[in-house]
Amino acid sequence: MRHWLMKSEPEIFSLDDLAARPGQIEPWDGVRNYQARNMLRDEMRPGDQVFFYHSNCTVPGIVGIAEIASEPRPDPTAFDPESRYYDPKSDPASPRWYLVDVRYIRHLRRVISLAELKTYATGALEGLPLLRRGNRLSILPVTPEQWAFIGALE
DNA sequence: GCCAACGTTGGC
DNA sequence: GCCAACGTTGGC
1102 MRHWLMKSEP
1112 EIFSLDDLAA
1122 RPGQIEPWDG
1132 VRNYQARNML
1142 RDEMRPGDQV
1152 FFYHSNCTVP
1162 GIVGIAEIAS
1172 EPRPDPTAFD
1182 PESRYYDPKS
1192 DPASPRWYLV
1202 DVRYIRHLRR
1212 VISLAELKTY
1222 ATGALEGLPL
1232 LRRGNRLSIL
1242 PVTPEQWAFI
1252 GALE
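Heads up: take any position in the first sequence, counting from 1, add 1101, and you land on our numbering.
Keep in mind that the hints were calculated from the coordinates and are not lab data.
This structure is a prediction, so every number in the text was calculated from the model and none was measured.
Fair warning: there could be bad hints in the mix.
Unchecked claim - In silico EDC-like links for lysine to aspartate or glutamate, alpha-carbon gap of 20 angstroms or less:
#  : residue 1 : residue 2
1  : K1219     : E1246
2  : K1108     : E1217
3  : K1219     : D1117
4  : K1108     : E1144
5  : K1108     : D1181
6  : K1108     : D1118
7  : K1190     : E1144
8  : K1108     : D1149
9  : K1108     : D1130
10 : K1219     : E1168
11 : K1108     : D1143
12 : K1108     : D1192
Assemble the whole structure, with the sequences as input and the hints as a guide.
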């Protein structure tokens, strides 16, 4: 089982939104970055644990736990001209973009902010991709050690 | 709103 | 294949 961090802008789709979905599951569509796509398609498996991260908001940080709830599959929004994620260059016979279902597990008792995580940037969380300069990937790997450390901060 | 970082596009 | 222009992300 692997561990991940997935970003979402709470104004667009928050952890509360996920918790309110039928079955508390949401297809994680719209990933349009090849690095993120590769991790999603090639490495994500059902049962993988996810830190749910709120970005582009007042207090960016980890707000909860989710899990991967499906095998990767082609992202149908890439084929939908009405979708904001439509990609005319994605061929249904050879899909370019993938998604997984994400299932809500729980909120953290408190937000573990980016600012707090940064205080460990040269210590226990050295190398955490979230803390790398200029990182903009919406899906990031977390090692078991990093997962345990961050979990213990709660 | 600003701006750094970085991915993508497209002319050549 | 190079690289300038442009678009997006996301912290601040």
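Here's how the hints hold up against the structure:
no.	hint	in the structure
1	K1219 - E1246	16 angstroms, holds
2	K1108 - E1217	17 angstroms, holds
3	K1219 - D1117	25 angstroms, violated
4	K1108 - E1144	17 angstroms, holds
5	K1108 - D1181	24 angstroms, violated
6	K1108 - D1118	14 angstroms, holds
7	K1190 - E1144	24 angstroms, violated
8	K1108 - D1149	16 angstroms, holds
9	K1108 - D1130	13 angstroms, holds
10	K1219 - E1168	24 angstroms, violated
11	K1108 - D1143	19 angstroms, holds
12	K1108 - D1192	27 angstroms, violated
Hint check: violations occur at hints 3, 5, 7, 10 and 12; the rest are consistent with the structure.
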